[in-house]
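2 protein chains.
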Amino acid sequence: MEQEVKKIFMLKVDEQDTNRIEDTVVREYPLTILLNNDEVITLLCTPSNLDYLAAGFLFSEGLIKEKSQIKNIIIDHENGLAKIETWKDSQMEGGIPSKRFIASSGGRITSLPSDITVQTDREITSQIEISADEIFLLMDKFVLSSRIFKNTGGVHSAALCDKRDLLLFREDIGRHNAIDKVFGECLLKDVNTNERIIMTSGRVSSEILLKVAKRNVPLLISKSAPTDMGIQLSQDFGITLAGFVRGRRMNVYTHGWRVIKGLK
Amino acid sequence: MEQEVKKIFMLKVDEQDTNRIEDTVVREYPLTILLNNDEVITLLCTPSNLDYLAAGFLFSEGLIKEKSQIKNIIIDHENGLAKIETWKDSQMEGGIPSKRFIASSGGRITSLPSDITVQTDREITSQIEISADEIFLLMDKFVLSSRIFKNTGGVHSAALCDKRDLLLFREDIGRHNAIDKVFGECLLKDVNTNERIIMTSGRVSSEILLKVAKRNVPLLISKSAPTDMGIQLSQDFGITLAGFVRGRRMNVYTHGWRVIKGLK
Numbered sequence: 202m203e204q205e206v207k208k209i210f211m212l213k214v215d216e217q218d219t220n221r222i223e224d225t226v227v228r229e230y231p232l233t234i235l236l237n238n239d240e241v242i243t244l245l246c247t248p249s250n251l252d253y254l255a256a257g258f259l260f261s262e263g264l265i266k267e268k269s270q271i272k273n274i275i276i277d278h279e280n281g282l283a284k285i286e287t288w289k290d291s292q293m294e295g296g297i298p299s300k301r302f303i304a305s306s307g308g309r310i311t312s313l314p315s316d317i318t319v320q321t322d323r324e325i326t327s328q329i330e331i332s333a334d335e336i337f338l339l340m341d342k343f344v345l346s347s348r349i350f351k352n353t354g355g356v357h358s359a360a361l362c363d364k365r366d367l368l369l370f371r372e373d374i375g376r377h378n379a380i381d382k383v384f385g386e387c388l389l390k391d392v393n394t395n396e397r398i399i400m401t402s403g404r405v406s407s408e409i410l411l412k413v414a415k416r417n418v419p420l421l422i423s424k425s426a427p428t429d430m431g432i433q434l435s436q437d438f439g440i441t442l443a444g445f446v447r448g449r450r451m452n453v454y455t456h457g458w459r460v461i462k463g464l465k
Numbered sequence: 202m203e204q205e206v207k208k209i210f211m212l213k214v215d216e217q218d219t220n221r222i223e224d225t226v227v228r229e230y231p232l233t234i235l236l237n238n239d240e241v242i243t244l245l246c247t248p249s250n251l252d253y254l255a256a257g258f259l260f261s262e263g264l265i266k267e268k269s270q271i272k273n274i275i276i277d278h279e280n281g282l283a284k285i286e287t288w289k290d291s292q293m294e295g296g297i298p299s300k301r302f303i304a305s306s307g308g309r310i311t312s313l314p315s316d317i318t319v320q321t322d323r324e325i326t327s328q329i330e331i332s333a334d335e336i337f338l339l340m341d342k343f344v345l346s347s348r349i350f351k352n353t354g355g356v357h358s359a360a361l362c363d364k365r366d367l368l369l370f371r372e373d374i375g376r377h378n379a380i381d382k383v384f385g386e387c388l389l390k391d392v393n394t395n396e397r398i399i400m401t402s403g404r405v406s407s408e409i410l411l412k413v414a415k416r417n418v419p420l421l422i423s424k425s426a427p428t429d430m431g432i433q434l435s436q437d438f439g440i441t442l443a444g445f446v447r448g449r450r451m452n453v454y455t456h457g458w459r460v461i462k463g464l465k
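Same order as they appear, the protein sequences are chains A and B. So the first sequence is numbered by our numbering: it starts at 202 and just counts up by one. So the second sequence is numbered by our numbering: it starts at 202 and just counts up by one.
In this list, chains with the same sequence are indistinguishable; a pair is considered to hold if it fits within one copy or across any two.
SDA-like cross-link-like pairs, simulated, lysine to any residue; straight-line CA separation at most 20 Å:
(1) 266 - 394
(2) 364 - 335
(3) 415 - 394
(4) 213 - 447
(5) 213 - 450
(6) 424 - 352
(7) 424 - 215
(8) 424 - 350
(9) 342 - 365
It is worth saying that the hints were derived from the structure and are not from the lab. As the structure is a computational prediction, the values presented were derived from the model and not from experiment.
Produce the complete structure using the sequences and hints provided.
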């Protein structure tokens, strides 16, 4: 098991003093994902739940469609490798795409335009409702859960929730990785995501929406800002998007009926 | 000229009220970079200074070494293309690398391990000194400069500074893109970076250090946290790294002698 954080010495400086103290920083770990011995990518990540990360990444990229395709996952900590093998007859047609979209802050999308087309055909129609109070309480729990962040200030977190509680919670230096860890766990443990909620500490860009839409999640709640494409895709996918959820305030950008009906 | 932000309508919700209001969000723009007609990458970015972004990206990736290699840069706004042409005799040996490292939160590195090896051979020996007060004042100016962030809360910023002032300041939804814009401008305008300072709003990971080291910048100042690899590379490259510079406090992680000697 790799350590998620590392102790270092640094100088703490303020207007009065300079002191050499021990501090904790988040680790950055290169993980190379191999799919049937073909190298897919190297992610820089927080070294925890690497099996979930690898499975979630391959799912987000469309290289794995369902759990039953996976024969085994081996995490080789010594060499920083996640080796995923699929059953022969379930291998992807066409192999691994060579062309990659690389996004603003951590994105990595193989085929943005076609993905969007595919996805928008399939609008999420869940009739789940949630009250503003329920969202505020979920965000309180979400913020309190961040164990590594409290120590280091250096990570993002993501969670799968129902209306009352956080069901899965994962952290990573990358906001995409944190969400891939959550969805990878859902994939490997057969956790249903259909009538549920994804929370993220990070900004909501188009790539985040593509991930969330692939798992049919009707509600996406962020502590941070969305981009225009994030909002547009939320609208198209039928996803309720709430951003800047802080204290007892938030912005609801799309499909507000799921929240508004839930307002007391 | 593309707009950097977009007006949208959303529901502002607090414990008392729900109001439909107009708000400003940051745009996410796909820019495909072509080097001599070969597609290198598609970045999701803030659509400003796209020539600097394209040049800075190619420089960071090692695909362009100096300004004299560039024959011309054409930004095709309609199709989201940055077309860079180099002089025939200055083309890279081996062409564009097909294997890419994709990093935690926005990284994109073609060859991390070899880059690190190359870079650590060349330690930055600048004897520049700066006082803690000077760093605090620079951060004040840096934070005040963020025009898009004030409107949208959704972007990162980067700046090239001397000890007194911000010389260049750029914003982008991606922290890597913001730095690439600054360095692209330095490349195209022959701005010296040797005895200067880079400021960033974002986390300091290994990829950020690789960019900064390539331009021989001796001081890197961040509002946010570093990773362990960011600290390690700062140490190896001879770069002074200050993080969590907020108010009148900061952490100095490496080569503190440049700050300490400058303390009054």
